[in-house]
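Fit chains B and C to the known structure of chain A by using the hints.
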Amino acid sequence: MADILGVPVQVLMGQLLIGLINGSFYAVLSLGLAVIFGLLNIVNFAHGAQYMLGAFAAWFLLNKLGINYWGALILAPLMVGAFGVVIERFLLRRLAGVDHLYGLLLTFGLALILEGTFVHTFGASGQPYAAPAQLTGGINLGFMFLPWYRAWVVAASLFVCLGTWLLIERTKFGAYLRAGTENPRLLQAFGVNVPLLITIAYGYGVALAAFAGVLAAPIFQVSPLMGSNLIIVVFAVVVIGGMGSIAGSILTGLAMGVVEGLTKVFWPEASATVIFVVMAIVLVLRPAGLFGKQA
Amino acid sequence: MKVLKSLALGASALAFSVGAAQAQFSGDAVKIGILTDMSATYSDVAGPGTVAAAEMAIADFGGKVGNAKIELKVADHQNKADIAANKAREWADVDGVDVFAELVTTSVALAVNEVAVQKNKISLITGSASSDITGKACTPNSVHYVYNTRAMAVGTGTAVVKEGGATWFFLTANYAFGENLERDVTKIVQAAGGKVLGSAKHPFPASDFSSFILQAQASGAKVIGLANAGADTTNAIKAAHEFGVVAAGQKVAGLLVFISDIHSLGLNVAKGLQLTTGFYWDRDEDSRAWSKRFFAKTGKMPTMVQAGTYSAVTHYLNAVKALGTDDTAKVMAKMKETPVNDFFAKGGIIRADGGMIHDMYLAEVKKPEESKGPWDYYKILRTIPAEEAYGSLSDSACPLLKK
Amino acid sequence: MSRTAWLAVVIAFALVAPFAIYPVFLMKLLCFALFACAFNLILGYGGLLSFGHAAFFGGASYITGHVLKEWGVPTEIGILIGTLAAGVLGMAVGVIAIRRAGIYFAMITLALAQMVYFIFIQARFTGGENGLQGIPRGHALGLFDLNDNYAMYYFVLAVFSLGFYMVYRAVHSPFGQILRAIRDNEPRAISLGYDVDKYKLQAFVLSAALAGLAGSTKAVVFQLASLTDAHWHMSGEVVLMTLLGGLGTIVGPAVGAGVVVALQNYLAAGPLGAWVPVVLGVIFVVCVLAFRKGIVGEIRDMVKKSF
Chain A
-4 MADILGVPVQ VLMGQLLIGL INGSFYAVLS LGLAVIFGLL NIVNFAHGAQ YMLGAFAAWF
56 LLNKLGINYW GALILAPLMV GAFGVVIERF LLRRLAGVDH LYGLLLTFGL ALILEGTFVH
116 TFGASGQPYA APAQLTGGIN LGFMFLPWYR AWVVAASLFV CLGTWLLIER TKFGAYLRAG
176 TENPRLLQAF GVNVPLLITI AYGYGVALAA FAGVLAAPIF QVSPLMGSNL IIVVFAVVVI
236 GGMGSIAGSI LTGLAMGVVE GLTKVFWPEA SATVIFVVMA IVLVLRPAGL FGKQA
Chain B
3 MKVLKSLALG ASALAFSVGA AQAQFSGDAV KIGILTDMSA TYSDVAGPGT VAAAEMAIAD
63 FGGKVGNAKI ELKVADHQNK ADIAANKARE WADVDGVDVF AELVTTSVAL AVNEVAVQKN
123 KISLITGSAS SDITGKACTP NSVHYVYNTR AMAVGTGTAV VKEGGATWFF LTANYAFGEN
183 LERDVTKIVQ AAGGKVLGSA KHPFPASDFS SFILQAQASG AKVIGLANAG ADTTNAIKAA
243 HEFGVVAAGQ KVAGLLVFIS DIHSLGLNVA KGLQLTTGFY WDRDEDSRAW SKRFFAKTGK
303 MPTMVQAGTY SAVTHYLNAV KALGTDDTAK VMAKMKETPV NDFFAKGGII RADGGMIHDM
363 YLAEVKKPEE SKGPWDYYKI LRTIPAEEAY GSLSDSACPL LKK
Chain C
45 MSRTAWLAVV IAFALVAPFA IYPVFLMKLL CFALFACAFN LILGYGGLLS FGHAAFFGGA
105 SYITGHVLKE WGVPTEIGIL IGTLAAGVLG MAVGVIAIRR AGIYFAMITL ALAQMVYFIF
165 IQARFTGGEN GLQGIPRGHA LGLFDLNDNY AMYYFVLAVF SLGFYMVYRA VHSPFGQILR
225 AIRDNEPRAI SLGYDVDKYK LQAFVLSAAL AGLAGSTKAV VFQLASLTDA HWHMSGEVVL
285 MTLLGGLGTI VGPAVGAGVV VALQNYLAAG PLGAWVPVVL GVIFVVCVLA FRKGIVGEIR
345 DMVKKSF
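Residue numbers (our numbering), protein chains in the order written: chain A, -4 to 290; chain B, 3 to 405; chain C, 45 to 351.
Only chain A is shown next, with the shape it has when bound in the complex (with noise of 0.2 Å):
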């Protein structure tokens, strides 16, 4: 068997695939933190809750309506997308024009208040949600055992994403969600709704958090602090490819997902901190990101 640095290489091939499906969380996840950052200008610190808040409607769809894994993964994005658009109506929107940095700490004291009372209420330790049935039971690829249901998520969030990315690159919503982003103002004189615009891009953006949420709920329990040291991670992930930039986000995300794999066989105690080293790096070089536009 042939060795890199002392490692077999299909161990790497396993690890890099893992990564890419690690990846994938970060893609949906930083996509709609760049969405909502890119329209609103805040960064929405409440992001790894409200992907908490996406398992635990799965979680509470299942278990108290009887709803599947596939009428959840519909259902829970368009629940917590709807408390999303109501967090935008009454609280975001008041902050329209003052610092960005307001918008960061009232999203980071809606974390605190969603997780510390979803601990209240369930506990910490968290609940269990078992994949479908459909997907359970994996393929052996020789270099590893894939299980179906992570074969699921990548195909799943490449889905979400790329149609996302055809959403906004390719239709006249998109056209009018990027002019806002370039000059909300001008959008406005031609008699487009921006504040309706603005809301419904926060709640899409909190819907693909709890997309990532539901997918996430059969692979980790489903715990109030699941999304709690997330944030910060994503974050980097959206600074890396660039503030704003759509694509930048999804394939930031799924190469950090890889970068972070590697670094677990290389110096896993280092895998934390890793996507931050790329940041600083990053920030330094190339300010505006990997793929934003250079200033």
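Note that these hints are calculated values from the structure, not bench results. These numbers were taken from a predicted model, which means no experiment stands behind them. A few of these clues could be false.
Stated by the list, open to error - Calculated lysine-lysine pairs in the DSBU-like style (CA-CA distance at most 30 Å, straight line):
#1 138/B with 113/C
#2 59/A with 302/B
#3 121/B with 113/C
#4 374/B with 59/A
#5 273/B with 59/A
#6 253/B with 368/B
#7 113/C with 404/B
#8 299/B with 59/A
#9 59/A with 189/B
#10 348/B with 66/B
#11 59/A with 369/B
#12 404/B with 348/B
What the hints assert, rightly or not - For each label pair, taking beta carbons as the anchor points, the in silico distance ranges come out as:
#13 146/A with 166/C: 33 to 39 Å
#14 136/C with 153/A: 38 to 44 Å
#15 185/B with 124/C: 36 to 42 Å
Beta carbons: idealized from backbone N, C-alpha and C, even for Gly.
Positioned in the frame of chain A, the structure of chains B and C alone reads:
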């Protein structure tokens, strides 16, 4: 045993000579301070459940020892050692708390032990794991009650090696507790003729374990030892289940698993897992009777930490009652001299290094079809005698014993 | 009342406070108040949101803890070494970070602080997750036994006053004027011929060193240095304190720190014990929505309006 006996004799002689019957209580009350994690990672293992257990213990005394009221104080230390130390200090200085109890997470236990020594108070550690608490960081004022890393290592390590699990790969949480656990298990595995092939030190906390599971699979080791706790352990077990570790012939050994973890994983995922525990509710009449009372109060069956907190607080109050004082030195001596005999432990002894040694249990998680319902999770495979689990006192690294 | 009269009242209160309020709590409050004031220097007056100040606070507490415990140096020297170390670290972080502004500045400081945090986890001398325990308090000036809480309190009060005075001097000096000019209109400051980066860096290093002074002192008070102080949550907490008290006001951050520390302390022991994070979250939200100028800022406005 000889050492133990002479120590016990010495302690009882001491207690006899000073144990005059006049009742004296600092602040005219016995004050117990529970410092625990009420809102984060360990709040299910300890948290509100330990508070409920302590309340039960106090209620069983009628809320009084002699004429002195028993008061309970509770604080959330949020797993932060500085908050815990601060609170303990304040309780000692301002509120006249006599004993600190529970203290989940090792950093908290170590920090509060320092305060206990400085302020001449007692600390009853039921939540934390590190064997250092009775080893190099031991104090004359602390009792380590429920379990420690060594006992967990002995129980699970020996059993698994005996069953043919000769080669190990560790997934270790990258902090002192994880390394402590890995070190203790490695010793046991090697002593039993096994071999450690490697370990992956994962960041704490980590959410995705698939990469580490893959490394463990690639190592070819027969056993994957999980030297971590809480959400890290449950996520690792889930990943192992998903990646077909058991189906491919490898075994997962959880080195610190609580019944609340099994409850949250579900039997389908956790089945077949071997683990060591200091307490299981469905072990005998006494444990069932108490646990049912606990269940009626909290809606959950107790973890070993919660059951141990009741037992430790009761043991403390018994000593106070027998002596008629809450004087630290006298109560410590009395607690060490009296064996623990209750629903939690039979013939448990508090040694000079502060370890309450008692029998431990090797358990296997039932398959879903074997379980009669929620909380019917363990088959007890073996009772591990106290001495075997905790090691002999002569091996202790506790500096107090060197005098 | 005149300014001097106010000052006299505050000083008198600070001197008698430990006889009414638990001194260790007061010391914690002073440490965090100093931390917040140091942070305010860079955020409130420099207009730069650092999301990595925990690295200086926590880093200094480790260094001080280590030199006091292992080298046995006098307490003052230990604190001085910790403060200097934080200053040096601030210099290293600052040189990289001040080249960016706004959210990028926040992210780069966060990234560097995360790396520092990683070093603290890996390094042996920090004791990892268990932290550095049993740091000796020692004697002040070789005379006063700091194991006595009252002696310790006056020592901390002295340290706080010194640090606070340095912040005050920095803000009310030509240096502070230029800093505010840069905050309000950077291109203009450049066109006036100021070396903007130099001023930003100086402010950052001073802020880091004073945050370190607070961290070092806290390590001595609690005889403990732990990862909590270096975690990014701590960086977030100091933002909350500063904002709650009043951004860019001289006493605001200290007031904010007082409110947060008191909440954490008294809520944790009360019936709301398990709700501490939620209560903090609610305060965040209410504060951002309704009292954006912070406690001191709002009061100042009210006073101004009524005259």
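Provide an ascending list of the numbers of those earlier hints which the structure does not satisfy. Of the numbered hints given earlier, the structure breaks just one, which is hint 9.
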